[in-house]
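Enquirer: With the sequences and hints as input, model every part of the structure.
Line order of the protein sequences matches chains G and S.
Taking the working numbering, the leading residue of the first sequence gets 1, the next gets one more, and so forth.
Taking the working numbering, the leading residue of the second sequence gets 1001, the next gets one more, and so forth.
Warning: the hint list may mix true and false statements.
What the hints assert, rightly or not - Derived Cβ-Cβ restraints for the label pairs, each shown as a range:
1. S:1041 x G:71: 13 to 23 Å
2. S:1057 x G:16: 41 to 51 Å
3. S:1014 x G:22: 34 to 44 Å
4. S:1087 x G:3: 20 to 30 Å
Stated by the list, open to error - Here are the simulated lysine-lysine pairs, BS3-like style, with alpha carbons at most 30 Å apart:
5. G:99 x S:1057
6. S:1078 x G:2
7. G:42 x S:1014
8. G:42 x S:1057
As the list claims (entries may be wrong) - Here are some of the chain G residues that sit facing chain S, going by a computed Cβ distance under 7 Å:
9. 32
10. 34
11. 44
12. 46
13. 61
14. 88
15. 92
16. 97
17. 98
18. 99
19. 103
20. 105
Simulated from the structure, these hints should not be mistaken for laboratory data.
Positions of the beta carbon are idealized from the N, C-alpha and C atoms, including for glycine.
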Amino acid sequence: QKEVEQNSGPLSVPEGAIASLNCTYSDRGSQSFFWYRQYSGKSPELIMSIYSNGDKEDGRFTAQLNKASQYVSLLIRDSQPSDSATYLCAVNNSFGNEKLTFGTGTRLTIIP
Amino acid sequence: GAGVSQSPRYKVAKRGQDVALRCDPISGHVSLFWYQQALGQGPEFLTYFQNEAQLDKSGLPSDRFFAERPEGSVSTLKIQRTQQEDSAVYLCASSLGHSTNTGELFFGEGSRLTVL
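Expert: Next up, the structure:
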């Protein structure tokens, strides 16, 4: 079992709709959780971080964390063509070590 | 510079050659990471430095891989006797350090290695 699992997609969503991206992780001791966006041929960039159970909203993005279910999700409201990218879920499970473990990423395409 | 700088951007090596990949992190960033990203996959952790100290090298796939950051700034990832399975994009990232623990890694554009 991989430490961080994501559906690789591709996930196609109409422009203006809500895109829902999911991630599960295996280590119950995981401390912090991140979503990175990676455009094709580019490097990953951080878009959301979440540390405690519940929802965290930032503009059109909402991250959701459920530690009991070992589940993290990212919702993108009012999806735009510029949101088309690969979304990487990342987990830090080493106290005192900043190492992030990434999932394989979900490729999202927003259809105009 | 404003961001993490990596060189070379592209490297083609013949099987068996040694390669060296350079990373220049954001000025003042304490932590530096190397990741390997194969096509269609997420970044896989290789190694992590805090200043000049290599705190974690658990991800280095074999003893052909070696990384250093002797003065706590620029880092070099060296791959000896390259094999075809080493073909990937090698990403360097830096961060402010554990005391901030934001999890925000700033990535360079990567060095794409192709081994023939």
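Enquirer: So, for every hint listed, does it hold in this structure?
Expert: Tested hints:
A hinted range of 13 to 23 Å holds for the C-beta pair residue 1041 (chain S) and residue 71 (chain G), which are about 22 Å apart. Between residue 1057 (chain S) and residue 16 (chain G) the CB atoms are about 46 Å apart, so this pair conforms to the stated range of 41 to 51 Å. Distance hint check: the CB atoms of residue 1014 (chain S) and residue 22 (chain G) are about 42 Å apart, consistent with the given range 34 to 44 Å. In this structure, residue 1087 (chain S) and residue 3 (chain G) meet the distance hint of 20 to 30 Å, their C-beta atoms being roughly 24 Å apart.
Annotation: proposed proximity of residue 99 (chain G) to residue 1057 (chain S) holds, straight-line Cα distance about 10 Å (limit 30 Å). Between the alpha carbons of residue 1078 (chain S) and residue 2 (chain G) the distance comes to roughly 27 Å, so the proposed pair stays at or under 30 Å and holds. The hinted pair formed by residue 42 (chain G) and residue 1014 (chain S) meets the criterion: a straight-line CA distance of about 25 Å does not exceed 30 Å. As the CA atoms of residue 42 (chain G) and residue 1057 (chain S) are separated by approximately 25 Å, the hinted pair is consistent with the 30 Å bound.
Contact between residue 32 (chain G) and chain S, as hinted, is supported at the beta carbon level, the nearest pair being about 5 Å apart and thus within 7 Å. For residue 34 (chain G), the interface hint holds, the least distance from its beta-carbon to any beta-carbon of chain S being 5 Å, beneath 7 Å. Using the Cβ-Cβ criterion of 7 Å, the hint placing residue 44 (chain G) at the interface with chain S is satisfied: the shortest such distance is roughly 5 Å. Checking residue 46 (chain G) against chain S: minimum C-beta separation of about 5 Å stays under 7 Å; hint holds.
Hint status for residue 61 (chain G): violated, given a least beta-carbon distance of 15 Å to chain S, over 7 Å. Among the interface hints, the one on residue 88 (chain G) holds; its C-beta lies about 5 Å from the nearest C-beta in chain S, closer than the 7 Å criterion. Interface hint at residue 92 (chain G): satisfied, since its Cβ lies 6 Å from the closest Cβ of chain S, which is below the 7 Å cut-off. Annotation: residue 97 (chain G) was flagged as interfacial toward chain S, and the flag holds, the nearest CB pair being 6 Å apart, inside 7 Å.
With a least beta-carbon distance of about 6 Å to chain S, the hint placing residue 98 (chain G) at the interface is held under the 7 Å criterion. A hinted interface residue such as residue 99 (chain G) counts as satisfied when its beta carbon comes closer than 7 Å to some beta carbon of chain S; here the least separation is about 5 Å, so the hint holds. The interface hint given for residue 103 (chain G) is met, as the beta carbon of that residue sits about 5 Å from the closest beta carbon of chain S, less than 7 Å. Hint status for residue 105 (chain G) relative to chain S: holds, with the closest Cβ pair at about 5 Å, below 7 Å.
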